[in-house]
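Colleague: Please put together the full structure from these sequences, using the hints given.
Residue numbers (this note's numbering), protein chains in the order written: chain S, 72 to 310; chain D, 72 to 310.
Hints in this document: simulated from the structure, not taken from any laboratory. Virtual Cβ for every residue (Gly too), placed ideally from N, Cα, C. Among the hints, a few may not be true.
Stretch-level coverage of chain S by chain D, calculated; a stretch enters the list once three of its residues show a Cβ under 8 angstroms from a Cβ in chain D [claimed, not checked]: (1) 178-192; (2) 199-207.
In the DSS-like style, the derived pairs of lysine-lysine whose C-alpha atoms are separated by at most 30 angstroms in a straight line are [claimed, not checked]: (3) S:K305 to S:K173; (4) D:K234 to S:K161; (5) S:K135 to D:K173; (6) D:K212 to S:K305; (7) D:K212 to S:K233; (8) D:K173 to S:K168; (9) S:K194 to D:K233.
Computed spacing ranges between beta-carbons, pair by pair [stated by the list, open to error]: (10) S:G171 to D:L185: 55 to 65 angstroms; (11) S:T192 to D:K212: 28 to 38 angstroms; (12) S:L185 to D:K135: 32 to 42 angstroms; (13) S:K135 to D:D255: 50 to 60 angstroms; (14) S:N300 to D:F191: 47 to 57 angstroms; (15) S:K308 to D:K194: 43 to 53 angstroms; (16) D:S275 to S:E296: 56 to 66 angstroms.
Number of protein chains: 2
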Amino acid sequence: MFRETKARSLLKTLSWRFWATLTTIGLVLLFVGETAIALSIGGLEVILKMIIYFVHERVWDKIKVGRHEYKPFVLWITGLSGSGKTSLAKSVVERLKKDGLKVEHLDGETVRDLFPETGFTKKDIDQHIERVGYLASKLEKHGIFVVASFLSPYKESRDFVKKICNNFIEVYINTPLEICEKRDPNGLYKKARAGVLDNFPGISAVYEKPDNPDIIIDTANTGIEENTNKIIEKVSKYL
Amino acid sequence: MFRETKARSLLKTLSWRFWATLTTIGLVLLFVGETAIALSIGGLEVILKMIIYFVHERVWDKIKVGRHEYKPFVLWITGLSGSGKTSLAKSVVERLKKDGLKVEHLDGETVRDLFPETGFTKKDIDQHIERVGYLASKLEKHGIFVVASFLSPYKESRDFVKKICNNFIEVYINTPLEICEKRDPNGLYKKARAGVLDNFPGISAVYEKPDNPDIIIDTANTGIEENTNKIIEKVSKYL
Numbered sequence: 072m073f074r075e076t077k078a079r080s081l082l083k084t085l086s087w088r089f090w091a092t093l094t095t096i097g098l099v100l101l102f103v104g105e106t107a108i109a110l111s112i113g114g115l116e117v118i119l120k121m122i123i124y125f126v127h128e129r130v131w132d133k134i135k136v137g138r139h140e141y142k143p144f145v146l147w148i149t150g151l152s153g154s155g156k157t158s159l160a161k162s163v164v165e166r167l168k169k170d171g172l173k174v175e176h177l178d179g180e181t182v183r184d185l186f187p188e189t190g191f192t193k194k195d196i197d198q199h200i201e202r203v204g205y206l207a208s209k210l211e212k213h214g215i216f217v218v219a220s221f222l223s224p225y226k227e228s229r230d231f232v233k234k235i236c237n238n239f240i241e242v243y244i245n246t247p248l249e250i251c252e253k254r255d256p257n258g259l260y261k262k263a264r265a266g267v268l269d270n271f272p273g274i275s276a277v278y279e280k281p282d283n284p285d286i287i288i289d290t291a292n293t294g295i296e297e298n299t300n301k302i303i304e305k306v307s308k309y310l
Numbered sequence: 072m073f074r075e076t077k078a079r080s081l082l083k084t085l086s087w088r089f090w091a092t093l094t095t096i097g098l099v100l101l102f103v104g105e106t107a108i109a110l111s112i113g114g115l116e117v118i119l120k121m122i123i124y125f126v127h128e129r130v131w132d133k134i135k136v137g138r139h140e141y142k143p144f145v146l147w148i149t150g151l152s153g154s155g156k157t158s159l160a161k162s163v164v165e166r167l168k169k170d171g172l173k174v175e176h177l178d179g180e181t182v183r184d185l186f187p188e189t190g191f192t193k194k195d196i197d198q199h200i201e202r203v204g205y206l207a208s209k210l211e212k213h214g215i216f217v218v219a220s221f222l223s224p225y226k227e228s229r230d231f232v233k234k235i236c237n238n239f240i241e242v243y244i245n246t247p248l249e250i251c252e253k254r255d256p257n258g259l260y261k262k263a264r265a266g267v268l269d270n271f272p273g274i275s276a277v278y279e280k281p282d283n284p285d286i287i288i289d290t291a292n293t294g295i296e297e298n299t300n301k302i303i304e305k306v307s308k309y310l
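Modeller: Written as structure tokens, this is what we have:
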């Protein structure tokens, strides 16, 4: 997948201009003035420049300079409930879209809203995450940048997703449990503590931290702008 | 999503050529021969034609003629086991790829191989189909043509997929059960008859025919080439 950089278009424009005008100058030098001769120049120029334009296009098709290749990735944001995954994902998505890239944001809550029957046992979650990962890998394959924000507490399914994607970038938000629980944006921790919610990662179920995340984000001490910059910088080689 | 047609590029080339050469003729008519004058023409031409080239590009950006819009779709092929879904899907995919389109083939068997835990109860199948449909809808949204070949025996999940896709085209392969069972490419009918396979559509479970399929295909009496042509003709308004 390629896109033309501004530098390439500029070089191409200048190069084409050079050869086309050189031809006109050569012709005017060859023929001396008068209306009839000027019209002859015009007639010849039509044919010659059309040929030159075509050849020029074909030659530039072979020249690699300024041809920019970008590599779609799956940026997978994992972390406890309330750690700030969705907000960070939205901010990264906006930044990537500004670069003119095709981006898809897959968010845990949005997807579960569409599939309300999805359960919360390890098996349910792993199957859910693996299928979302399959979707992400297909989008990536077709040149779309994917930002996925899912609690995704289990290594097994995260590793499955990593395996089926080309460029899987694991982002771990390490906001401590105490801070997440204090935030409790949807009152889930309260419900989990009261025993209304089963299998709640951090409270009644384990959250398996990534062993080797590509990027570690700390939302407790740094703001969303700074964290977005950190991620964009880390993935710049793909853009 | 747009792509440039050959006719549009041709028109653009001719149009640009016309204005550029008219300028040269005008200049040669204005100035009479001699080297110094020819060089002046060259110098002026460089500046004038660059401006004209730029304005021309901007003007053509506003002209709609020959600008071709294509509409990605999800072509959903449903039918009994052994009805010929996968072969037909592969043939349609090849044809679409030849047109230079981005195409993804989602096939029941391939997806189940990746998610072997997927069950065969109505609930399992519906959840499976709905998630595959979600994947298809996301690909479609990003400009990718999707051909999906799934037994997908239940209306409920097919209708769910229809609802979340922009252009959902339902293809029903109506090959009769007796013929499918005679073909039995993977020996599944034999296993189903022997009671080894439960919930097998057509034998031990129902296959709900589409009420109002967009395209009906008969693989019992017509060949794959003919059926592919029929589908391509039916979807031509999207291409």
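Colleague: Against this structure, judge whether each hint is valid.
Modeller: Now the hints, each set against the structure:
no., hint, in the structure
1, 178-192, "holds (count 4)"
2, 199-207, "holds (count 4)"
3, S:K305 to S:K173, "holds, 19 angstroms"
4, D:K234 to S:K161, "holds, 26 angstroms"
5, S:K135 to D:K173, "holds, 24 angstroms"
6, D:K212 to S:K305, "holds, 28 angstroms"
7, D:K212 to S:K233, "holds, 24 angstroms"
8, D:K173 to S:K168, "holds, 21 angstroms"
9, S:K194 to D:K233, "holds, 28 angstroms"
10, S:G171 to D:L185: 55 to 65 angstroms, "violated, 32 angstroms"
11, S:T192 to D:K212: 28 to 38 angstroms, "holds, 31 angstroms"
12, S:L185 to D:K135: 32 to 42 angstroms, "holds, 36 angstroms"
13, S:K135 to D:D255: 50 to 60 angstroms, "holds, 53 angstroms"
14, S:N300 to D:F191: 47 to 57 angstroms, "holds, 49 angstroms"
15, S:K308 to D:K194: 43 to 53 angstroms, "holds, 44 angstroms"
16, D:S275 to S:E296: 56 to 66 angstroms, "holds, 59 angstroms"
Of the numbered hints stated above, the single one contradicted by the structure is hint 10.
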